[in-house]
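Student: These are the residues of each chain, in order.
Number of protein chains: 8
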Amino acid sequence: MSTDPADGTAPEDIRLDLQRSTRRGYPEAVLCDAKTPDQVARVARTWRESGDPGPVLFTRIGEGVAALVQHELPDAHHDPLARVVAWPAEPPAPQGGRVLVLAAGTSDLPVAQEALVTARHLGRDTRLVVDVGVAGLHRLLDRLEELRDPAVRAIVVAAGMDGALPSVVAGLVGVPVVAVPTSVGYGASFGGVAALLTMLNSCAPGVAVVNIDNGYGAGHLAAQISAPGSQPAS
Amino acid sequence: MSTDPADGTAPEDIRLDLQRSTRRGYPEAVLCDAKTPDQVARVARTWRESGDPGPVLFTRIGEGVAALVQHELPDAHHDPLARVVAWPAEPPAPQGGRVLVLAAGTSDLPVAQEALVTARHLGRDTRLVVDVGVAGLHRLLDRLEELRDPAVRAIVVAAGMDGALPSVVAGLVGVPVVAVPTSVGYGASFGGVAALLTMLNSCAPGVAVVNIDNGYGAGHLAAQISAPGSQPAS
Amino acid sequence: MSTDPADGTAPEDIRLDLQRSTRRGYPEAVLCDAKTPDQVARVARTWRESGDPGPVLFTRIGEGVAALVQHELPDAHHDPLARVVAWPAEPPAPQGGRVLVLAAGTSDLPVAQEALVTARHLGRDTRLVVDVGVAGLHRLLDRLEELRDPAVRAIVVAAGMDGALPSVVAGLVGVPVVAVPTSVGYGASFGGVAALLTMLNSCAPGVAVVNIDNGYGAGHLAAQISAPGSQPAS
Amino acid sequence: MSTDPADGTAPEDIRLDLQRSTRRGYPEAVLCDAKTPDQVARVARTWRESGDPGPVLFTRIGEGVAALVQHELPDAHHDPLARVVAWPAEPPAPQGGRVLVLAAGTSDLPVAQEALVTARHLGRDTRLVVDVGVAGLHRLLDRLEELRDPAVRAIVVAAGMDGALPSVVAGLVGVPVVAVPTSVGYGASFGGVAALLTMLNSCAPGVAVVNIDNGYGAGHLAAQISAPGSQPAS
Amino acid sequence: MSTDPADGTAPEDIRLDLQRSTRRGYPEAVLCDAKTPDQVARVARTWRESGDPGPVLFTRIGEGVAALVQHELPDAHHDPLARVVAWPAEPPAPQGGRVLVLAAGTSDLPVAQEALVTARHLGRDTRLVVDVGVAGLHRLLDRLEELRDPAVRAIVVAAGMDGALPSVVAGLVGVPVVAVPTSVGYGASFGGVAALLTMLNSCAPGVAVVNIDNGYGAGHLAAQISAPGSQPAS
Amino acid sequence: MSTDPADGTAPEDIRLDLQRSTRRGYPEAVLCDAKTPDQVARVARTWRESGDPGPVLFTRIGEGVAALVQHELPDAHHDPLARVVAWPAEPPAPQGGRVLVLAAGTSDLPVAQEALVTARHLGRDTRLVVDVGVAGLHRLLDRLEELRDPAVRAIVVAAGMDGALPSVVAGLVGVPVVAVPTSVGYGASFGGVAALLTMLNSCAPGVAVVNIDNGYGAGHLAAQISAPGSQPAS
Amino acid sequence: MSTDPADGTAPEDIRLDLQRSTRRGYPEAVLCDAKTPDQVARVARTWRESGDPGPVLFTRIGEGVAALVQHELPDAHHDPLARVVAWPAEPPAPQGGRVLVLAAGTSDLPVAQEALVTARHLGRDTRLVVDVGVAGLHRLLDRLEELRDPAVRAIVVAAGMDGALPSVVAGLVGVPVVAVPTSVGYGASFGGVAALLTMLNSCAPGVAVVNIDNGYGAGHLAAQISAPGSQPAS
Amino acid sequence: MSTDPADGTAPEDIRLDLQRSTRRGYPEAVLCDAKTPDQVARVARTWRESGDPGPVLFTRIGEGVAALVQHELPDAHHDPLARVVAWPAEPPAPQGGRVLVLAAGTSDLPVAQEALVTARHLGRDTRLVVDVGVAGLHRLLDRLEELRDPAVRAIVVAAGMDGALPSVVAGLVGVPVVAVPTSVGYGASFGGVAALLTMLNSCAPGVAVVNIDNGYGAGHLAAQISAPGSQPAS
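Chains as they are written, first to last, in the UniProt record's numbering: chain A, 1 to 234; chain B, 1 to 234; chain C, 1 to 234; chain D, 1 to 234; chain E, 1 to 234; chain F, 1 to 234; chain G, 1 to 234; chain H, 1 to 234.
By construction, these hints were calculated from the structure, which means they are not laboratory data.
Predicted model only: the values in this text are computed from it and were never measured.
Treat the hints with care, as some may be off.
Stated by the list, open to error - Some but not every residue of chain D turned toward chain E, in silico, with C-beta under 8 Å:
| hint | residue |
| --- | --- |
| 1 | 70 |
| 2 | 136 |
| 3 | 168 |
| 4 | 172 |
| 5 | 174 |
| 6 | 185 |
| 7 | 194 |
| 8 | 200 |
| 9 | 203 |
Unchecked claim - Here are the computed distance ranges between Cβ atoms for each label pair:
| hint | chain 1 | residue 1 | chain 2 | residue 2 | range |
| --- | --- | --- | --- | --- | --- |
| 10 | G | 141 | F | 37 | 36 to 44 Å |
| 11 | H | 64 | B | 49 | 48 to 56 Å |
| 12 | E | 62 | A | 93 | 54 to 62 Å |
| 13 | B | 90 | C | 144 | 43 to 51 Å |
| 14 | E | 144 | D | 71 | 52 to 60 Å |
| 15 | E | 144 | D | 145 | 15 to 23 Å |
| 16 | F | 141 | E | 62 | 30 to 38 Å |
Stated by the list, open to error - Per the computed footprint, the stretches of chain E lying under chain F, defined by three or more beta-carbons under 8 Å from a beta-carbon of chain F, are:
| hint | segment |
| --- | --- |
| 17 | 147-156 |
| 18 | 191-203 |
| 19 | 209-223 |
Glycine is no exception: its CB is placed at the ideal position from the N, C-alpha and C atoms.
Looking at chain A on its own, in the form it has when it is part of the complex:
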């Protein structure tokens, strides 16, 4: 819509894609950290006021803004570790294959959890495995059975620093590995770039890379990979 500059922040400047769930088969998501708290709250209000708009995820949301959203959508679920607010609170009943989520270290947990919450609210069965970095290989090898469980259809691996875990995991399993580099590290990790490059150059095939710290994207992609059947008719 065309907006007069004098009221550029009027409600009309946000055009929601309420039918996205129907069109693509997945819920809408609102990336919060590049919006003002007021903009996010208005999205939540619009959602509430729409009749049956489909589910929605608010991602990269801080404590304060999450409270604003829950004020508008009181029955939403807030996962502070994942920095996600999901509405409705209850995820749909799981369908399709399982999404296994690995965090190389404790510091990678927030991104891993964002992936897990996303996949769960997109309708997948999920499991989380933590602290299986390649510096102590036995910890990973102890979980081989879980990794190769026939119920698993996609594995998300969140890793920072050297980002080496996805290469190793992809060499051990037959399902796709969704690799999400995290910004964990310092110096020449360059905010996750080192891990990103490691993953793009994986010597094992079967590694799908997403953006640094993009737990939402990783969970979404894993949910699509492990979807029960064919794509929805448009």
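For chain A, the structure is supplied; the task is to place chains B, C, D, E, F, G and H on it using the hints.
Tutor: Using the frame of chain A, we list chains B, C, D, E, F, G and H on its own:
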């Protein structure tokens, strides 16, 4: 194995992973452009001399080296556009979902074809669509039915320059999009880095990124995504 | 002027280009975020004290400094979203072609608005369109008529993340597209660099790129492109 | 179209956009250096065999491939300095404003000439000025009258090394400056990146930047800016 | 000296180079922003307690730490714009050629002033010229006489954004130009990198580049260039 | 372990490697700055509650978190300069060769001290030498005897800015030099990247490089190099 | 020495460090690929003509230049895989610990071999292990006994692409790992930069990184680490 | 001048700055490697045909093009190591201070020689010192007297790889050091970028940096620094 430096190039310096097909459920692949012609030929010979070693792909292979491989494995298939030699020549009967491969422009065709040949020899039904770049959107929109065909389970998109096509495609379909940036372009395309970054920052979820010009990896990942059932028991 | 180091911050250290409006045909602009509040206030005061100095824009100005400027130039207009203070408050009557401003997402709105305010105060008719990112192509295609309106002479497109929108728009229209990458995004968006590279590598011709977050520059360039006639005599 | 991998290079893999001239109001262009000679020749043949397909430019074309194109389209014009083949040979009668093209140094001439040929074949009056780099400012100042000629509606500036010329020119004129960085330079010029950054950071507004060495894009954009009237109806 | 880790911050961990003035002919300098306030204060105290240690400059010093230094060396001079404390307060009587310091814009003034104060305390006659950026060339050309004054032996040019001023100045004069890029700018200025590259690629010879924001280094180098005679015997 | 997203921060999400000391022969280390204070405190508590878990180092730990750790492990030693908490407080009796630690300047001291504390708690005799940067070569040459002492088996060199010291030291001694670039510097030091590149390109062999500011890694590597005998049996 | 420009290539322009072996305890090395064939040949001749100059290695030497060197030093040994010529041909009798050299893949073999030859000619016992990349972890785990052999005192790991092997190896052993990234890979491997960053960010301590493709440096460092005793007196 | 595109390579496209010697007091220079052989030859011819145009240097000139120039200007001097052709062959009688040129290693000699030839033809007394890299510090310390000779007014230091030599030299002398990084090195030297950054971050003041491999610029700057008196009147 331990090798005396005086004969560091002895045949023993290549250790084939002949059982990889059994272990991971996918054929072995030999990346040729970082090996000497002699090393590649020895791999082919070893393959021939092994009893029932499973299928193999030789990727990023030039005309001359391909001839050497076909000398060792006469019944292999050479696709010069894709720069791939496949053995056996005949791909397995297709199983699972279809892999649709898009090339944004004619110049992206070699990478797209490498993805297609790979997916085909990993046992998938494949289709190719060319010249659907975002500068002429109607060309893409004309193919919407093909993109949304329920038989399609994964879409590979090869694009250089601005690399914008995967974002647009992912917004139109429900299946995962495997985005492979190509080094097509000049100046600030930085050999495919611009397209790579575009894809990593896709504003539409559902985009799985692989390395620049990595048609093999894209086809392999797409074949895994569209695999018929659960992962093989190890 | 030569300044004694002991009083390096004396008023004389700012040399205004009061005749710039006459010389180039466009108002002077003061980039505020690299200046101290005191320096900005002194510029405003000098402007007030000059006889008929022509219009001026204060860009990238925060709330506090804007108040200082309005104290000196009480009849100035402050647009907090665009972070611009314009003097005089009233833009000139529109001349030349229309400048259409597109924001790919809500988060790109501040940069888009800065472009719009600039073009308006340089004497153009302006319109704003928000939330037309390529992930939901129908939103853009719904606005085709507006994009192709013969009154439009230049289109500004503000986009972050994948920065793909200018390529798509340039393929749909005949007028120049001024692409302004925004720093919206995270991880491998590198503060707008990913979007910048996408725009520089646009597969559609007709894309004029300006610096990241440079809404002022985009609006200025669009205003020049859509100027009524020839350049002013010097 | 869908192509069997066995004949991936069949003529069908090139889908021409023969109506582009009608749709956008500008000729189609074929970027040759990322295509095989055979692919380029097939495009030329298709053009010849189409009834009235509108004009076409072959850009970044080497001597050998240009000969192939001229074999298919004998009445095409080849400009070896600009590395362009244009068909038909004769540009349309000039309309709209003049496009002035500046080359900072002799080494920037090929890119400048590519811009000039493009603008001319898009229907503009063009002029070329060479060797006006900022290291000898008097050479530029001697040409002020030409720069400020009211007939000029857009100025293309091709510059490598420090890329400082567009900033200086934009400070002297009222019309838009299309800045095209060239890869001329060595060491920390990084193949034109230094000049590109200089232009993006121009302290003078009114600078529209295109990709490194993108003379075609610069000439196209300048032709659009100096177009006679409004955009064509779609 | 060897320090026990239990008291790693003991005074002994700072080894002053009290004789540097004698050895190289120039005062010692203490870069403050990478040291703790306590470390800087201890340096100042050591200086005071040494008998005749020669002059010293404290650079990149904030308000608070400057007060600590002045507490130890009460007769020191603090220039807050330049972020320098000089001891003794009075610079030596000027010798050698004049150092002319140019700031492209008001925002470059702190770095320019740091260069000026440094050169002055190294014993040079200095002059400052502000707001002579290339976007308004007449401002620079108005000062040509000052630039070409035979008394001037070195010119420091501080510039951010496009960093184009040193190229232009070096083309106008015969003396060396010390170019100091500043971090003024945003987006693709990359904290001064764009200006740094411009200066390294100057198309005019005679440009000596120093690190971004290194006003101290620029002033020191200019003072050495304009030194009265030969180097001191060691 | 698998964790329900509702309690993703439960104690189980940290899997300690209590036997690492036995397995690799060196203590476990906990990188604190990427963990929440609560996570670090839980690690400390787990350590206390484990029977005989072996020594542990908490690195990159701030004042507040160090207090939390000391609350759980009251007999731990806190070195605020090195930002390390070590448990037990007393290092083991020194074995093997001496580790000499050099800090180019005072600002490099925290990283140098982190290396020293690490090597000491891994069982080495350590010495510290400060302020021996290459700008005043005599300071280094005065310490030659200490550098070449036969007791020294590894030398850690911490340096920022130009990072030139390791090259010079490696040319003077026969033992390995562990080079740790620090983020000390500004502008084109790029947070330690300049020093890192200098060290990787050392014209003297015998330089082992670790990550920027990685004092822990430098000290650990030096302790391994100077270990008394062969590696422990696994 | 001072050279007249007219004969800048005279023999005097190469100043050999014939006593380096005595001073540092290790042979001199001549990096050949940045020298002209004539310069390398003159070095070899000077070596021959010097009385007892100590051993020398010619590294990064091509076939043709190696022949020139062997013409001057007929009893030298040429290893074409490692691109090294060693004189004298026979390495000294091994002393100190063993240096184990790992090549992740066949393509990393030349760099691994350069390290091995270097360590051998510096007087170490050496072993080579090939094709143990992390994509097939069982290949590495099969060699654990060799890796943990008490005779091994340093392990060189050469790896390109994801560069993940050193992290994994360092987690399995107690001795230092010398990690040498190779330029094997394509696209976002950036000529070895991806592997380099992975190694610098290793989540396992004990990794000493050297420059990309620097097999000589890796072998030299490993030989120093595994040296029998203390450093030579200077 | 304005050129018809049909003859864009006509002689008129090169505008010589024949009076540059008079204006700036230094000879004109022609950078040859970005020009065609024909363009360079035409410059030489124009020079010959001009009456008394002042001296000229042709830099970065290959063997073949040098012969073309000498055909036009038979009395020119060609220095193949420096890749320079100078006309007239005889440099002017030396005036001002001496320029001392240091090459860290033999591979840096071409760049050092280019600096030396340039300074000599700009009228300075010059000396060359080779192979004084910091890996063997005694070689540099042996030349201290030459470095500190009162006749020396500027020192050029050419160094690749770690680029550490200028920092060390600047700490030993009182005159300005002109640091020219060379592209000598491999891997993470990034074609001279590592050396460039080292020099920009020199911990010793007094270092003037020029572009990578810019021997001409280094020699020119050094000649200006050591010029006999004040700048020429304009």
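Student: Now look at each hint and say whether the structure bears it out.
Tutor: Structure-based check of each hint:
1. Taking 8 Å as the C-beta cut-off, the interface hint given for residue 70(D) is violated, the closest approach to chain E being about 37 Å.
2. This hint holds: residue 136(D) has a C-beta 6 Å from the nearest C-beta of chain E, less than the 8 Å allowed.
3. Satisfaction of the interface hint for residue 168(D) is found here, the shortest Cβ-Cβ separation to chain E being roughly 5 Å, below the 8 Å cut-off.
4. Hint status for residue 172(D) relative to chain E: holds, with the closest Cβ pair at about 7 Å, below 8 Å.
5. Given the 8 Å rule on beta carbons, the hint for residue 174(D) is violated: about 13 Å separates it from the nearest Cβ of chain E.
6. Annotation: residue 185(D) was flagged as interfacial toward chain E, and the flag holds, the nearest CB pair being 6 Å apart, inside 8 Å.
7. For residue 194(D), the interface hint holds, since its Cβ comes within 8 Å of a Cβ in chain E; the closest pair sits about 4 Å apart.
8. Interface restraint check: residue 200(D) against chain E, minimum CB-CB distance 4 Å, threshold 8 Å, status holds.
9. Because the smallest distance between the Cβ of residue 203(D) and any Cβ of chain E comes to about 5 Å, under 8 Å, the interface hint for this residue holds.
10. Between residue 141(G) and residue 37(F) the beta carbon distance is about 38 Å. The supplied range of 36 to 44 Å therefore holds.
11. Evaluation of the 48 to 56 Å hint for residue 64(H) and residue 49(B) yields a pass: the beta carbon distance comes to about 52 Å.
12. In this structure the supplied range 54 to 62 Å holds for residue 62(E) paired with residue 93(A), their Cβ-Cβ distance being about 60 Å.
13. Distance hint check: the CB atoms of residue 90(B) and residue 144(C) are about 48 Å apart, consistent with the given range 43 to 51 Å.
14. Checked against the given bound of 52 to 60 Å, the beta carbons of residue 144(E) and residue 71(D), roughly 58 Å apart, stay inside it.
15. For residue 144(E) and residue 145(D), the Cβ-Cβ distance of about 21 Å falls inside the hinted range of 15 to 23 Å, so the restraint holds.
16. Restraint check, residue 141(F) to residue 62(E): a C-beta distance of roughly 35 Å satisfies the suggested window 30 to 38 Å.
17. Check result for the segment 147-156 of chain E against chain F: violated, 0 residues qualifying (beta carbon to beta carbon below 8 Å, three or more required).
18. Three residues within the 8 Å Cβ limit are the bar, and the segment 191-203 of chain E against chain F gives 4, so the coverage statement holds.
19. Coverage of a stretch by a chain is defined here by at least three residues with a beta carbon nearer than 8 Å to that chain's beta carbons; for the segment 209-223 of chain E and chain F the count is 4, and the condition holds.
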